[in-house]
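> Line by line, the protein sequences give chains L and C.
The opening position of the first sequence corresponds to residue 474 in this note's numbering, with each subsequent residue numbered one higher.
The opening position of the second sequence corresponds to residue -7 in this note's numbering, with each subsequent residue numbered one higher.
Read the hints as simulated data drawn from the structure, not as lab findings.
Just to be clear, a hint being listed does not mean it is correct.
Said to hold, decoys possible - Computed Cβ-Cβ distance ranges for the label pairs, DEER-style:
#, chain 1, residue 1, chain 2, residue 2, range
1, C, T12, L, T529, 41 to 49 Å
2, C, V109, L, G514, 15 to 23 Å
3, L, V518, C, M32, 19 to 27 Å
4, C, P73, L, G533, 40 to 48 Å
Claimed, not checked - Below, a list of computed lysine to any residue pairs in the SDA-like style, where the Cα atoms sit at most 20 Å apart:
#, chain 1, residue 1, chain 2, residue 2
5, L, K490, L, L555
6, C, K16, C, L88
7, L, K530, L, K544
8, C, K60, C, P73
9, L, K530, C, Q93
10, L, K474, C, L38
11, L, K544, L, Q482
12, C, K16, C, H2
13, L, K575, C, E97
14, L, K530, C, T96
15, L, K474, C, M32
16, L, K575, C, L38
17, L, K575, C, G51
Remember, it's a predicted structure, so these values are computed and weren't measured experimentally.
By construction, the Cβ of each residue, glycine as well, lies at the ideal position given by its N, Cα and C atoms.
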Amino acid sequence: KNQVEQSPQSLIILEGKNCTLQCNYTVSPFSNLRWYKQDTGRGPVSLTIMTFSENTKSNGRYTATLDADTKQSSLHITASQLSDSASYICVVSGDYAGNNRKLIWGLGTSLAVNP
Amino acid sequence: DAGVIQSPRHEVTEMGQEVTLRCKPISGHNSLFWYRQTMMRGLELLIYFNNNVPIDDSGMPEDRFSAKMPNASFSTLKIQPSEPRDSAVYFCASSLVRLGQQNTEAFFGQGTRLTVV
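Required output: the full structure, derived from the provided sequences and hints.
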């Protein structure tokens, strides 16, 4: 069964600290892996999209890694800010056509950054 | 561009009533998706349109749910009759799918929080 599992379920860190969120998936076939940020009361916003051949991709203070062999990904947040408080969702696409119809969504990690 | 626009932002209705959720995708996008989000199940795809045509509605939970896309700039999701278990946040998303491109990004609206009492 195609699944995306994220850990931890929730996380609290102090402003300025780094953190790493984990994602394990059992999706086949595999096209790409995405990390989304979802602020409270808003829709998800894409942070990164990585294909099979990409090991790491950065977007500002966010760095995502992908190990397609072990089917694991991580999202590292550097020098956290209060605005990083959100839910971070790992999404795997099993669709070679790329039309987003086969996205398998994780349940997300809820991150709280405290001053 | 204002992004994907959904209305209403919040809807409270009584069980048995009809509910209509509305979505205006990003201009020029050719694909539209309706999602439902709950704490227990996360985001679930309900239906996917391409060029205004429903391609995959396998995620629509029951016949009480229906969706239409009469033109490229408007879509509706209707629940009739509504039930308390339909309470969730419903998202509309759109994307521009180009032939041969695999990493098309989906842009989400702000969602409609539906509460059925």
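> Hint by hint, say whether it matches the structure.
Hint by hint, here is what the structure shows:
1. C:T12 <-> L:T529: 41 to 49 Å: Holds, since T12 of chain C and T529 of chain L (Cβ atoms, about 44 Å apart) stay within the stated range.
2. C:V109 <-> L:G514: 15 to 23 Å: Since the Cβ atoms of V109 of chain C and G514 of chain L sit about 20 Å apart, the hinted range of 15 to 23 Å holds.
3. L:V518 <-> C:M32: 19 to 27 Å: holds (23 Å)
4. C:P73 <-> L:G533: 40 to 48 Å: holds (46 Å)
5. L:K490 <-> L:L555: holds (11 Å)
6. C:K16 <-> C:L88: Since the Cα atoms of K16 of chain C and L88 of chain C sit roughly 14 Å apart, the hinted pair holds (cutoff 20 Å).
7. L:K530 <-> L:K544: This hinted pair holds, its Cα atoms lying about 16 Å apart.
8. C:K60 <-> C:P73: holds (17 Å)
9. L:K530 <-> C:Q93: holds (19 Å)
10. L:K474 <-> C:L38: holds (19 Å)
11. L:K544 <-> L:Q482: holds (19 Å)
12. C:K16 <-> C:H2: Answer holds: K16 of chain C to H2 of chain C is near 16 Å, not above 20 Å.
13. L:K575 <-> C:E97: holds (13 Å)
14. L:K530 <-> C:T96: holds (16 Å)
15. L:K474 <-> C:M32: holds (18 Å)
16. L:K575 <-> C:L38: This hinted pair holds, its Cα atoms lying about 12 Å apart.
17. L:K575 <-> C:G51: holds (11 Å)
Checked against the numbered hints listed earlier, the structure breaks none of them; every hint is satisfied.
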